[in-house]
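**Student:** Read off the chains here:
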Amino acid sequence: DTAVSQTPKYLVTQMGNDKSIKCEQNLGHDTMYWYKQDSKKFLKIMFSYNNKELIINETVPNRFSPKSPDKAHLNLHINSLELGDSAVYFCASSHALAAQETQYFGPGTRLLVL
Amino acid sequence: GQNIDQPTEMTATEGAIVQINCTYQTSGFNGLFWYQQHAGEAPTFLSYNVLDGLEEKGRFSSFLSRSKGYSYLLLKELQMKDSASYLCALFTSGTYKYIFGTGTRLKVLA
Numbered sequence: 062d063t064a065v066s067q068t069p070k071y072l073v074t075q076m077g078n079d080k081s082i083k084c085e086q087n088l089g090h091d092t093m094y095w096y097k098q099d100s101k102k103f104l105k106i107m108f109s110y111n112n113k114e115l116i117i118n119e120t121v122p123n124r125f126s127p128k129s130p131d132k133a134h135l136n137l138h139i140n141s142l143e144l145g146d147s148a149v150y151f152c153a154s155s156h157a158l159a160a161q162e163t164q165y166f167g168p169g170t171r172l173l174v175l
Numbered sequence: 009g010q011n012i013d014q015p016t017e018m019t020a021t022e023g024a025i026v027q028i029n030c031t032y033q034t035s036g037f038n039g040l041f042w043y044q045q046h047a048g049e050a051p052t053f054l055s056y057n058v059l060d061g062l063e064e065k066g067r068f069s070s071f072l073s074r075s076k077g078y079s080y081l082l083l084k085e086l087q088m089k090d091s092a093s094y095l096c097a098l099f100t101s102g103t104y105k106y107i108f109g110t111g112t113r114l115k116v117l118a
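Chains as they are written, first to last, in our numbering: chain A, 62 to 175; chain B, 9 to 118.
On the chain B side, residues computed to face chain A include the following (Cβ under 7 Å):
no. : residue
1   : ASN38
2   : GLY39
3   : ALA50
4   : PRO51
5   : PHE53
6   : PHE99
7   : TYR104
8   : LYS105
9   : PHE108
10  : THR110
11  : GLY111
Within a straight-line C-alpha distance of at most 20 Å, the following computed PhoX-like cross-link-like pairs (lysine-lysine) qualify:
no. : chain 1 : residue 1 : chain 2 : residue 2
12  : B       : LYS105    : A       : LYS97
13  : B       : LYS115    : B       : LYS84
14  : A       : LYS70     : A       : LYS105
15  : A       : LYS97     : A       : LYS80
16  : A       : LYS70     : A       : LYS128
17  : B       : LYS84     : B       : LYS65
18  : A       : LYS128    : A       : LYS113
19  : A       : LYS105    : B       : LYS105
20  : B       : LYS115    : A       : LYS101
21  : A       : LYS128    : A       : LYS80
22  : A       : LYS102    : B       : LYS105
23  : A       : LYS128    : A       : LYS97
24  : A       : LYS113    : A       : LYS83
25  : A       : LYS102    : A       : LYS70
26  : A       : LYS132    : A       : LYS113
27  : A       : LYS80     : A       : LYS70
28  : A       : LYS128    : B       : LYS105
29  : A       : LYS132    : B       : LYS105
30  : B       : LYS115    : B       : LYS89
31  : B       : LYS115    : A       : LYS102
32  : B       : LYS105    : A       : LYS113
For the record, the hints were derived by calculation from the structure and aren't laboratory data.
Every residue gets a Cβ at the ideal spot worked out from N, C-alpha and C, and that includes glycine.
All chains should be built: construct the whole structure from the sequences, respecting the hints.
**Tutor:** This is the structure we're talking about:
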């Protein structure tokens with residue numbers, strides 16, 4: 062069983078389109094995250110949710126809107142895609158939002174905006 | 009603010025020992041993590057240090073000095089499968105954020 066899963070794995074789309082990425086974790090964790098990893102492999106936090114509540118919104122353009130329908134799911138919707146949005150997006154989860162908690166990452170969604 | 013520095017690339021030989029350094033500046037330090045990321049894959053947890061000293065876990069050890077803002081990951085008996093990026097990350101209290109370094113790409117040569 063996959064602990065943290067994301068769909069789709071690959072996403073190729075045109076500039077200006079709207080797309081969604083889905084994430085599910087079956088670990089019973091309370092906290093979920095979205096990260097963006099750019100071409101230089103820099104992994105940057107975008108959002109974190111704890112018990113479906115938004116905790117961190119890291120100065121992400123409001124074209125990006127996360128939604129957490131329940132603790133096990135955190136989806137990411139992106140409006141009006143731009144070339145600079147091309148990156149790998151990783152979902153992650155942890156037991157709680159606390160210092161010692163290990164994060165478990167999903168396999169990533171490779172987004173290419175043309 | 010927070011800042012994390014790691015070397016961009018390192019090369020080592022199979023069977024050798026390699027040390028990957030990480031220096032950081034932060035207010036509200038609350039733990040330092042090391043993650044391994046193979047090309048095209050997700051990061052996976054390696055180690056966590058919150059107190060000064062060395063944590064050993066098989067072939068991998070991680071060291072922390074909070075007063076110096078310094079950590080290192082030590083990999084012994086290198087294997088080809090250890091070729092990967094190694095990410096240093098901080099958890100900062102107050103902001104409840106994980107801040108990742110840019111990672112060190114390690115190449116293990118036969």
